[in-house]
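Asks: Generate the whole structure from the sequences, applying the supplied hints.
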Amino acid sequence: MNSAVEYLAARLLPPEGGAGKSKSPLIPIPSDQPPLEKGDRVLIVYPPCSPHFLITFLACLRAGLVAVPVYPPHPDRKDSLGAFAGIARECGARVALTNGEYATSKRLGKLKNSFMKKISSSNKKEGDDGSGDAKWPEDLVWVVTDREPLQNPPAKFTKLEDTPGPEEIAFLQFTSGSTSAPKGVALTHANLSHNLFIITDELNADTDTKVVSWLPQYHDMGLYPVVGSELEFYLIDSEPDAPEPPISPYTGKRLDSDAILSIDELDDFGAREIRSSLFVHEAQGDRLGLD
1 MNSAVEYLAA RLLPPEGGAG KSKSPLIPIP SDQPPLEKGD RVLIVYPPCS
51 PHFLITFLAC LRAGLVAVPV YPPHPDRKDS LGAFAGIARE CGARVALTNG
101 EYATSKRLGK LKNSFMKKIS SSNKKEGDDG SGDAKWPEDL VWVVTDREPL
151 QNPPAKFTKL EDTPGPEEIA FLQFTSGSTS APKGVALTHA NLSHNLFIIT
201 DELNADTDTK VVSWLPQYHD MGLYPVVGSE LEFYLIDSEP DAPEPPISPY
251 TGKRLDSDAI LSIDELDDFG AREIRSSLFV HEAQGDRLGL D
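Mapping of the sequence shown onto the numbering used here: position 172 corresponds to residue 172, and the numbering continues sequentially without gaps.
What the hints contain is simulated information worked out from the structure, not anything from laboratory work. These figures come from a predicted structure and were not determined experimentally. The reader is advised that the hints may include incorrect statements.
[As the list claims (entries may be wrong)] Label pairs and their calculated CB-CB ranges:
(1) 202 - 77: 46 to 54 Å
(2) 270 - 198: 21 to 29 Å
(3) 193 - 151: 24 to 32 Å
(4) 180 - 157: 38 to 46 Å
(5) 204 - 138: 16 to 24 Å
(6) 32 - 193: 32 to 40 Å
(7) 1 - 92: 26 to 34 Å
(8) 32 - 76: 33 to 41 Å
(9) 206 - 179: 17 to 25 Å
Glycine included, C-beta positions come from ideal geometry on N, C-alpha and C.
Replies: Okay, here's the thing in structure tokens:
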């Protein structure tokens, strides 16, 4: 996976670019705007369990770009459209990275039209969900990453030389927006490294550790296990209507969502830890007859 991350990082921010001297070969920034450079915010917009989420997230960190994981907005959900627009506005991102599957869904769902119909035309004051006065990010450049040869990167390519320092911002983490407008906090590379160390140390985890997770990869409890790629994780899609992602060596295996409800099946996978929301644990307790 390291070669895939290095290759995509070099495609996002070419080594010869330096301080904004060269444009990214992958990202078509308009000619009247400065090219992408270290410290710029980049939205990471992938469906749950997308195998390219991890590679893209790590590639942004490797390049010194500030990753902003965000849930893909659904054209029929006003809350997700408003939250996405609000996060894009708040962080100042000019680029959104996604996969071909969602890019197709975005076109078919006509996100901008849905946004205009459900939010902008309402002429309401901004409410708790942050959607009232939000504007659709017209200038956001969408880039599909899974068209890159990431499973088999070229044998030779120029790698980035500079490595981000521990106090540089690694990513912005926003709240879900389920109870109020999404709020973001900046986390440094040192923050991320320390948190991953604590998690693996507390779990007594090693390269053979398996963790089953039902948590979305956009927030801390779901994101950190995915980034801690020294562990083997099985991701379970908690969105029943989400498209079926392909099997990939990068994120392990996708399980049927019912598998989380069976202790016997979890034991078959050799899982040492389960990460899920409260309702999953409650459902498990109901199956076992526990109060």
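Asks: Taking each numbered hint in turn, which are not upheld by the structure, reported in ascending numerical order?
Replies: 1, 5, 9
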